[in-house]
Amino acid sequence: MLHSHTTRSWDFLGLPLTKTHESRATSIQLAYGHNIIVGVIDSGVWPESASFREEPGMKPIPSRWRGKCEKGVRFNPKKDCNRKLIGAKYYPRGYEALYGSLVQKKFEYRSARDFAGHGTHTASTAAGSIATGASFTKTNLAKGVARGGAPRARIAVYKACWGDENYDLHCPEADVLKAFDDALHDGVDVISASIGLNPPYDDGLNYSSAIGSFHAMQVGVTVVFSAGNLGPLPGLVSSVQPWAISVAASSIDRTFPTRIDVVEGNFSVVGESFSFTNKPITALLVTADNLFKDGTCNETAAVDSVIPGKALLCFADDGFVSLDGATRAARKVNASALIFVETLPKPEGPDVFPTVYLDFVQGDKLRKFQKPLSDYPTVKIGHTKTVIGKSVAPRVAFFSSRGPNSVELDILKPDITAPGLNILAAWPTETPPTLIKKYDNRSVEWNFQSGTSMSCPHVSGIAALLKSAHPDWSPAVIRSALMTTAYTKDNSLDEIFSEGTVSVADPFDIGAGHVHPVKAMDPGLVYDMKASDYILFLCNIGYTEEQIQAILLCPASPDLISCPKSRKSNSNLNYPSITVSDLRSTVTITRTVRNVGPCKFAVYFTSIVKPNGVEVVVWPRVLVFSWFRQEITYYVTLIPKKKSRGRYDFGEIVWSDCFGHKVRSPLVVSVNTFNTENSASASAVDHDDDDQLINEA
Numbered sequence: 001m002l003h004s005h006t007t008r009s010w011d012f013l014g015l016p017l018t019k020t021h022e023s024r025a026t027s028i029q030l031a032y033g034h035n036i037i038v039g040v041i042d043s044g045v046w047p048e049s050a051s052f053r054e055e056p057g058m059k060p061i062p063s064r065w066r067g068k069c070e071k072g073v074r075f076n077p078k079k080d081c082n083r084k085l086i087g088a089k090y091y092p093r094g095y096e097a098l099y100g101s102l103v104q105k106k107f108e109y110r111s112a113r114d115f116a117g118h119g120t121h122t123a124s125t126a127a128g129s130i131a132t133g134a135s136f137t138k139t140n141l142a143k144g145v146a147r148g149g150a151p152r153a154r155i156a157v158y159k160a161c162w163g164d165e166n167y168d169l170h171c172p173e174a175d176v177l178k179a180f181d182d183a184l185h186d187g188v189d190v191i192s193a194s195i196g197l198n199p200p201y202d203d204g205l206n207y208s209s210a211i212g213s214f215h216a217m218q219v220g221v222t223v224v225f226s227a228g229n230l231g232p233l234p235g236l237v238s239s240v241q242p243w244a245i246s247v248a249a250s251s252i253d254r255t256f257p258t259r260i261d262v263v264e265g266n267f268s269v270v271g272e273s274f275s276f277t278n279k280p281i282t283a284l285l286v287t288a289d290n291l292f293k294d295g296t297c298n299e300t301a302a303v304d305s306v307i308p309g310k311a312l313l314c315f316a317d318d319g320f321v322s323l324d325g326a327t328r329a330a331r332k333v334n335a336s337a338l339i340f341v342e343t344l345p346k347p348e349g350p351d352v353f354p355t356v357y358l359d360f361v362q363g364d365k366l367r368k369f370q371k372p373l374s375d376y377p378t379v380k381i382g383h384t385k386t387v388i389g390k391s392v393a394p395r396v397a398f399f400s401s402r403g404p405n406s407v408e409l410d411i412l413k414p415d416i417t418a419p420g421l422n423i424l425a426a427w428p429t430e431t432p433p434t435l436i437k438k439y440d441n442r443s444v445e446w447n448f449q450s451g452t453s454m455s456c457p458h459v460s461g462i463a464a465l466l467k468s469a470h471p472d473w474s475p476a477v478i479r480s481a482l483m484t485t486a487y488t489k490d491n492s493l494d495e496i497f498s499e500g501t502v503s504v505a506d507p508f509d510i511g512a513g514h515v516h517p518v519k520a521m522d523p524g525l526v527y528d529m530k531a532s533d534y535i536l537f538l539c540n541i542g543y544t545e546e547q548i549q550a551i552l553l554c555p556a557s558p559d560l561i562s563c564p565k566s567r568k569s570n571s572n573l574n575y576p577s578i579t580v581s582d583l584r585s586t587v588t589i590t591r592t593v594r595n596v597g598p599c600k601f602a603v604y605f606t607s608i609v610k611p612n613g614v615e616v617v618v619w620p621r622v623l624v625f626s627w628f629r630q631e632i633t634y635y636v637t638l639i640p641k642k643k644s645r646g647r648y649d650f651g652e653i654v655w656s657d658c659f660g661h662k663v664r665s666p667l668v669v670s671v672n673t674f675n676t677e678n679s680a681s682a683s684a685v686d687h688d689d690d691d692q693l694i695n696e697a
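Here the UniProt record's numbering is used: position 389 in the sequence shown is 389, and no number is missing along the way.
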């Protein structure tokens, strides 16, 4: 028997609230987080939501907290804040300088109250309280228990994003940077920021979220960003700075199947919908050929006839019609339902107009049956169901932005992937779920949203659990634990599939893989970094000492910031992944790992999956640890074995012990050996002992 659980994503991630299995995973969410404060930089919060209620017996606010709740339009700190929602600030100056006074606008709130819904959704996903009886539009759709990843953690919101009349968000740079610095002053432990500047980055990393997250790294605060929604084209991933975590989006194993029966044909097709939650409907099936002179569902095309009460079948590929355009066309011809067919899968939404989504195979089956008929066939659109555990997941979402990194090719981005498709979370009751006020007057407490904005707070919630369990872990160690324990196979044990590219997902799609919170609690080995490592990174991408001083939270004395005379490869940054973007000859990379496992005496053995055409030598092949927190350096030598003009190939290096730890690092290499036959071997590492390096010239 299947049971639906709202915010199914946490069950899918191995953190269920059921008592029948995975009791260890359940205890992680309930035992950790009460001492952690999650800062959310977004569009504000709807404080009345059950996700932000103070739970019975909640411990006092940590004494180190220095923040506050600010009074504003429809936001009363005494009523709206509590031991759960402990901070709420808003930053209107930058927005008002660009768009005018908020006092004169009738749609936004000049306070931390959320108008657009985005911030409420992300905050509840990261750290929302446990809320029973949640569902979409008070139906049985996804009915169950809602909660955030760290339901015991505290939440502080920083409203730096403001909605316009159409609920489009604007996040001025100055406001975002002020929000970052205030969050750090207030004492947050993790910052969740489902925002980002889309590439190209003409000014390098001199933008507010990159600078703000650098400040956070300096004081030990983990920052998690969304990777962007510009997929599936390559090279458009956002938030590429190495001191923060960039999260791609993928699916979970929950679907909303809706069956369409063709009465005359005695067959059926199955799509997905959020619309048919009450009762089935019966209608005559019509296509764009029947109604529009150009044969497409284009509202601007001349309409041959209006046939009320029909189900309109529209194909996105016919005239490149968008869902919004098809919906307007359906309204124009007085259709009772829309059957929308897309060749490439894209996220459905909480449509106000009754809509069923079909893939091309199912849609073409309907079209081929209807086309030769003189009369319109009858279809019965059934009740939408909630089904879990039957679909292949995860799959990389079509929209999720892909690598490579557009600022520094030798640093892999995104870092990791997490659930970001059809995520149900808290929502302002005065904001329509479709964000289309003209047609949608529904009031909902929970809403479906898709995007890397939704995957980001999943990782933020997990980071909060990790910080609670391991207070001494740095942001780099937390990222390392997340990345090295990630997995790359779906629930059918096949490699994760990438929608849009229609291929097996590679590190440019999913980074190190799909996040695994339980394993991240005990990663075995970790890769750590300090602020000085990131300063060297900035030197290597061309920053001057003066430019670096401008980024620092507190300017350092000039003698502490000194860039080498010659730039070096950032492949040597102690990142949990290894990327070499221009392999022309033999290169040796160095990495240092720390033992954080349960045993001070530990032995790890290496296994290697080599990228195509690249010989990989790791030395030493065995790491022997004798005490807790001991660090050991190993070397990876890459030798090109083929002629190539810069095609990327992928592999991995895995360190394993006898207690189940598998510390996995993606290996991303682009061989570029044309016209380099006579070039000398190069090394990406400075070393004192040549005998330690394998195949080093």
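Just so you know, these hints were derived from the structure itself, not from any lab.
Hints may be right or wrong, so weigh each one.
[Stated by the list, open to error] Within a straight-line C-alpha distance of at most 25 Å, the following computed DMTMM-like cross-link-like pairs (lysine to aspartate or glutamate) qualify:
no.: 1; residue 1: K438; residue 2: D168
no.: 2; residue 1: K642; residue 2: D582
no.: 3; residue 1: K438; residue 2: E165
no.: 4; residue 1: K105; residue 2: E165
no.: 5; residue 1: K438; residue 2: D324
no.: 6; residue 1: K68; residue 2: D80
no.: 7; residue 1: K489; residue 2: D253
no.: 8; residue 1: K519; residue 2: D490
no.: 9; residue 1: K371; residue 2: E430
no.: 10; residue 1: K380; residue 2: E272
no.: 11; residue 1: K437; residue 2: D253
Okay, the hints, checked on the actual structure:
no. : hint        : in the structure
1   : K438 x D168 : 15 Å, holds
2   : K642 x D582 : 13 Å, holds
3   : K438 x E165 : 11 Å, holds
4   : K105 x E165 : 9 Å, holds
5   : K438 x D324 : 13 Å, holds
6   : K68 x D80   : 12 Å, holds
7   : K489 x D253 : 14 Å, holds
8   : K519 x D490 : 16 Å, holds
9   : K371 x E430 : 44 Å, violated
10  : K380 x E272 : 14 Å, holds
11  : K437 x D253 : 31 Å, violated
In this structure, the hints that do not hold are numbers 9 and 11, in rising order.
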